[in-house]
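According to the working numbering, the sequence shown holds residues 307 to 902 in order.
Heads up, some of the hints might be wrong.
[As the list claims (entries may be wrong)] Straight line, CA to CA, 16 Å or less: simulated EDC-like cross-link-like pairs of lysine to aspartate or glutamate: (1) K642 / E613; (2) K552 / E791; (3) K632 / D902.
Just so you know, the hints here were simulated from the structure itself, not pulled from any lab data.
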Amino acid sequence: MLLKIYLAKFVIYNGGSPWLPLITGLPSLWVVFALIEWLAPRRKFGVYVAANLVMTCIYFAVIMYYKYFGVIVTYHALQQVGQVTEVRGSVFSLLHPYFLLIFIDNAAFLILMAFSRRFRQWSKKFAVREPKKVAVAVFALSLVACLAIVWQNRDSVNELKQAEQMGILNYEAYAVYASSKDSAVDAKDVTPEAVAKAKGIKEPAAPAYMGTAKGKNLIVIQVEALQKFLLNTEIDGVELTPNLNKLVKESLYFPHFYQMVGQGNTADAEFVVNTSFLIPPYGAASQDYGGLKLPSMPRVLAANGYETATFHTNDVKFWNRNELYKALGFGRYYDKEYFGDDDLVFFGSSDEVLYRKTSDKLLEMSESGKPFYAQLITMSSHHPFNIPEGKVKLQLPDRFQGTLVGDYITAQNYADYALGQFIARLKETGLWDKSVIVLYGDHMGLPIYSLDGHERDLMQEICGREYRFTEMMNIPLLMSVPSMEPQVLTQLGGQADIFPTVANLLGISLKDHIHFGQDLLNQPSNLLPQRYYLPSGSFVYDKGIFVPGENFRDGTKYPFDGASAASSDVTEDQYRRALQLLRMSDSYVNSLPKHD
307 MLLKIYLAKF VIYNGGSPWL PLITGLPSLW VVFALIEWLA PRRKFGVYVA
357 ANLVMTCIYF AVIMYYKYFG VIVTYHALQQ VGQVTEVRGS VFSLLHPYFL
407 LIFIDNAAFL ILMAFSRRFR QWSKKFAVRE PKKVAVAVFA LSLVACLAIV
457 WQNRDSVNEL KQAEQMGILN YEAYAVYASS KDSAVDAKDV TPEAVAKAKG
507 IKEPAAPAYM GTAKGKNLIV IQVEALQKFL LNTEIDGVEL TPNLNKLVKE
557 SLYFPHFYQM VGQGNTADAE FVVNTSFLIP PYGAASQDYG GLKLPSMPRV
607 LAANGYETAT FHTNDVKFWN RNELYKALGF GRYYDKEYFG DDDLVFFGSS
657 DEVLYRKTSD KLLEMSESGK PFYAQLITMS SHHPFNIPEG KVKLQLPDRF
707 QGTLVGDYIT AQNYADYALG QFIARLKETG LWDKSVIVLY GDHMGLPIYS
757 LDGHERDLMQ EICGREYRFT EMMNIPLLMS VPSMEPQVLT QLGGQADIFP
807 TVANLLGISL KDHIHFGQDL LNQPSNLLPQ RYYLPSGSFV YDKGIFVPGE
857 NFRDGTKYPF DGASAASSDV TEDQYRRALQ LLRMSDSYVN SLPKHD
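Using the sequences plus the hints, can you model the full thing?
See the structure below:
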C-alpha cells in the first residue's frame with residue numbers, strides 16, 4: 307500500500323517532501339488494518355485482500371482522473387460511471403501501462419488463492435486473533451492522527467493541496483463531510499445589481515451596438531475541444547485551420563476567451579452558454595440541473611419570436627441531454643435519430659453529416675418567415691482524436707506522428723474542413739447574410755496533465771513559449787455579425803458572456819434577467835471563476851490566471867502572453883469575489899422550480 311501511495315504522488319505531485327505521503331498515508335492505512343484485526347480476526351486474510359483492492363481502486367481512480375481533469379476525484383464522480391462506456395477510448399488513451407502495476411499484488415493474491423493449495427494453507431495461519439486491546443489502541447491512535455491531519459488542513463480551498471496535505475484516503479473521507487458544509491448565499495440576495503457588484507462592473511445606460519443585428523437568425527457552433535492556439539498557426543508552412551483563419555478575418559474575434567466548464571465538459575458548455583450561469587460544484591450541470599426550469603437564451607429568444615432548435619449527432623440521452631434540453635427550453639432537438647449511423651466518427655455521425663443535414667433543416671426553418679436560433683454541437687474532434695484514415699486531410703511532419711498533439715491537430719484540421727463546407731452552404735443559400743454566426747470551443751483538448759515530455763516540447767514549438775494553463779484554457783470566440791466590420795477585440799471573455807453579448811446585438815435587454823456573464827462589447831474588464839481543470843478558488847482575470855495554494859496568499863499567477871508575474875497584479879478582493887460569484891450562482895440555480 308505504501309508503494310501505491312508513492313505511485314500516486316509520483317503521478318500527481320511532482321516534487322514536495324518525500325516524507326509527507328508516509329506521514330499522511332500510514333495513519334489512514336492503520337485505521338483500516340486495525341479495524342480488520344479488531345472486527346474480522348477469523349477471516350482477516352480475505353478481508354485484507356478485499357480492503358487492499360478497494361483502496362487500490364481509489365488510488366487508481368485518482369490517478370486516471372487527474373490525468374485528464376487535473377483535479378482529485380471524489381465519490382461525486384460515481385454519477386458519471388454510466389458515461390464511461392461511451393468514452394472508453396478516451397479513458398484507455400490516458401492509461402499508461404505502468405499504472406496497472408498498482409494492481410499487481412491484487413492479481414497475485416487472486417491467482418495464488420485459486421491455484422496454490424500451499425498458499426491457501428499459509429493464508430489460514432493468519433486467522434489468529436491479536437490482542438483486542440492492541441487493535442483498539444492502534445485504531446484509536448491512528449484515527450486521532452487522521453483527524454488531526456484533516457483538521458489542520460480543512461481550510462485549504464485548493465483540492466490538490468488539500469489532498470496532498472491530508473493524504474488521499476483522508477481527503478476522500480473528508481470529501482463526504484465537506485460537501486455538506488458549503489456556506490450558501492440566500493437566493494433572494496442574488497440580484498442583477500449584486501452580481502454586477504461581485505463582478506466589479508457597471509451596466510451602461512445606453513449599451514453600444516444594441517440591436518445591431520435585430521431580427522437576424524442566430525447560429526451558434528460549439529466546436530469539440532477547439533483551442534485558440536490552432537488559429538493562424540502553421541507547421542512547416544502549412545495552415546492548421548485554414549477555414550477558421552478566413553473566418554477570423556470576417557468576424558469579431560476574441561483571442562482572450564476562456565472555457566468555464568467542469569465535469570460535464572461539452573454538456574457543461576451547452577449549459578453555461580445558454581444560461582450564463584456557472585457550473586455546479588460537483589457533477590455535470592446536465593445531471594445536477596437537468597430537472598430545473600432554467601432561465602435561458604432559448605426561452606428568451608422564443609419569447610421574442612424565435613424558433614429554437616439544437617443539433618447533436620449523438621444519442622440525446624448521453625449526458626442526460628434529453629432533460630437538459632427541456633430545462634433550457636429548446637423547441638426541438640435533433641440527435642442520432644435524425645442524423646443516422648452513416649459516416650461514423652467516434653460515437654456519432656461525422657461533422658460533415660452534422661453540417662449537411664443541419665443546413666437542410668435551417669433552410670426549412672427559414673421558410674416560416676420567423677427568425678431562428680440553432681445551436682450545433684460538433685463531435686468529430688473528440689478525445690482521443692482517432693479519426694478514420696480516409697478523413698485525414700493534413701500530413702504532419704514525423705516529429706508529430708504517434709503523439710497526442712499530432713492526433714489532436716489532425717482531428718481539428720478535419721473539423722475545420724467540415725466547417726468550411728458548412729460556411730460555403732450558408733453563403734450559397736443566403737442564410738449567412740441573414741444570421742449572426744457565433745463559433746467557440748467547448749473545452750480544451752490537450753490537458754497539460756496528459757502530455758509527456760516530447761509532447762510538451764511540441765506545444766512549446768507551436769505556442770512559442772511553455773504550454774501552461776493560460777494556453778490550455780484558452781478557446782477562441784468568433785462572431786460574424788451582418789453590418790459589423792471585422793475586428794480583433796482583446797478584452798477578456800468566457801463562455802458565460804456569450805448570452806448577454808448576443809442578446810445586446812439582437813436588441814434584447816437582460817436588465818432584469820439574472821446572469822453571471824457580461825456583454826463583451828460594453829465591458830473592458832472581466833472576472834471568470836473556475837471549477838475543474840483548475841482547483842477551487844482559481845479564476846481568470848484581465849492579466850492572467852490565478853491558482854490559489856492553501857489560500858490566496860500562497861497562490862500562483864500565470865500571466866498572459868509570457869509576461870512577468872510581477873506585472874500581473876491580482877488582489878485578494880478579486881479572489882473573494884470569484885468565490886462569491888460561484889456561491890451566488892449555486893444558490894440561485896438551486897432555488898429554481900422544476901420543469902414540467
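message: Check whether the Cα positions of K642 and E613 lie no farther apart than 16 Å.
response: The hint is violated at about 21 Å.
message: Hinted pair, alpha-carbon criterion (16 Å max): K552, E791. Please report holds or violated.
response: holds, 14 Å
query: Are K632 and D902 close enough, with their CA atoms no more than 16 Å apart?
result: Within the cut-off at roughly 8 Å; holds.
Of the hints listed earlier, the one the structure fails to meet is number 1.
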